[in-house]
Amino acid sequence: MTTHTQTAQNKPPGSVTGGEGLLTGPVRTVLAAVLLVLLLAAPFALYPVFLMKVLCFALFACAFNLLIGFVGLLSFGHAAFFGGAAYISAHTVKVWGVTPEIGILLGTAFAAALGMVFGLLAIRRQGIYFAMITLALAQMIFFLALQMPFTGGEDGIQAVPRGRLFGVIDLTSPLAMYYTVLAIAVLGFLIIWRTVHSPFGQVLKAIRENEPRAISLGYRTEQYKLAAFVMSAALAGLAGATKAIVFQLATLTDVSWQMSGEVVLMTLLGGMGTLFGPVVGAALVVTLQNYLAATNLPVTVVIGAIFVVCVLVFRRGIVGELTRILKGSRG
Amino acid sequence: MFEFLGVPPQALFGQLLLGLINGSFYALLSLGLAVIFGMLNVINFAHGALYMVGAFTAWLMLQYLGIGYWPALILAPLVVGLFGIILEKTMLSRLYKLDHLYGLLLTFGLALILEGMFRHWYGASGQPYRIPDALQGGRNLGFMFLPNYRGWVVVASLVVCLGTWYAIERTRLGAYLRAATENPVLVQAFGINVPRMITLTYGFGVALAGFAGVLAAPIYQVNPLMGSNLIIVVFAVVVIGGMGSIMGAIVTGFALGLLEGLTKVFYPEASNIVVFVVMAVVLLIKPAGLFGRER
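Top line first, the protein sequences correspond to chains A and B.
Using the working numbering, you'd call the opening residue of the first sequence number 1 and step up by one each time.
Using the working numbering, you'd call the opening residue of the second sequence number 1001 and step up by one each time.
Hints were generated in silico from the structure; no laboratory data involved.
Beta carbons are placed, not taken as given, at the ideal position from N, Cα and C, and that holds for glycine.
Keep in mind that a hint or two might mislead.
[As the list claims (entries may be wrong)] Partial chain A-side listing against chain B, Cβ under 8 Å, derived:
no.	residue
1	74
2	121
3	124
4	128
5	133
6	135
7	143
8	144
9	147
10	190
11	257
12	261
13	268
14	305
15	308
16	312
Start from the sequences, fold in the hints, and give me the full structure.
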């Protein structure tokens, strides 16, 4: 309510945490190494397809978080990039017969181009309008996916061959597929990490905190926002295209508004504006969905309830709250 | 019979009528969104779900209590409005000091809960709702056949929309409301209970959605998912019209419904996306929306 000025309480969602400098130097290197070893060993302990799903959604959520967490833009249409790229890579691999890496690249390129179009339109408005515009544009992509001749309507594109990576490595082997997905996810994560800690990322954060001030300092904020939007769209596309190869299908679910909502939830639950939050959120939500599928509980109700609880009492998300507690205990 | 651009007039007017009916719902829903946004600065994502709850309330009243269409047309919006007031008091009111995006996220979660519950209880298939006896049948207008119920929907929507416009723009209560939108602190200082006004505004806005739901029940089947697809189109309508003006929301709603109907006649494949295309064009030409002002 009240005025539109940015007061201390009235900050954009991403800025609820500021604790990135917490784990520094050797501690962070060790932690990253441990995590990587765990991920390398994981397929021997857990079901690889489940892990691959988590990795794809983790990358998707990280891509989404790049916008909400570091630029303060809430996109409610990221399913268009995720699902659009899934359709393109599924189609090119299945019908054109290209190798999986080319299919994934084409899907990613499509998502980036789509992100350019969406971005040019959506950054003309701010805040809530931005969310509504991205949602509406994504719904347009949903209807196109429903009606276009090559997308297979309600069935989607099924039985996409996994093929051979670079024409050599057979991806029908679950382990080969898993390590490919892991490499892609880690690469995507490193790109995001590098971006956030670059001068470019600092400008993005400046825009999030106070856009008029960034403008007054001479930054062309529109161009920065557009660049971040295209990057986020491309990475979301990378996740979607990879998912299409892993599950060998692209369906309407991938482009639906529910999917856009899911990625918002993953990021919110894990912690907006934290680097690892989206990964944690994605892992939790995917696990929860797997668990709920076996029970009689309606999934959407549970997802909705988590949304409400997160917004009301848990706005920093899991990683955000943990960071705050750790910081507090250190003084 | 003459033809218009190769389209028989019956088909043309039939689709235009369908468009007008869709427009009635767009107008009612975007009006509610605009009223709520003006006062609370919250985009009510649960609007579509509450429209569905309105339709279901009417259906449940008929099914279990034997309450017919006409009482339900009053009672169901009251039930939805009351429910909205509870939501505002217990949840939304905690978020006003935060970024407005949290309101959107909260109402999105509420929409998922409502839809999920109704789908869990009543399945995804639609429940039929009978057209009331007084509005059965139709009349021949010479150039087309008008089913009575459809005519009633358009008239009822117009009356409620214009009534709301009158109440907000031309009455003393409306003046308080507009004043509180501009400067709540000052209005509060004059001794008007602004928080209560906010609560009632939210209740009224969602009651409009409930009313639209009851109107829709005999036309579309009563379905748990009937609101979610509609609400995204309504968002686009709101972006096109801009939320600055009540009349703007009404006019844009009806106009886009008609445009959708026309598209169904001349290029049916594009009828699902025409509203979104218009939105993109409007954003390029006049980013604040046709009736909007940048805020």
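Evaluated hints:
no.	hint	verdict
1	74	holds, 5 Å
2	121	holds, 5 Å
3	124	holds, 4 Å
4	128	holds, 5 Å
5	133	holds, 6 Å
6	135	holds, 6 Å
7	143	holds, 4 Å
8	144	holds, 7 Å
9	147	holds, 6 Å
10	190	violated, 28 Å
11	257	holds, 6 Å
12	261	holds, 6 Å
13	268	holds, 7 Å
14	305	holds, 6 Å
15	308	holds, 4 Å
16	312	holds, 6 Å
The structure fails hint 10 only (numbered hints given earlier).
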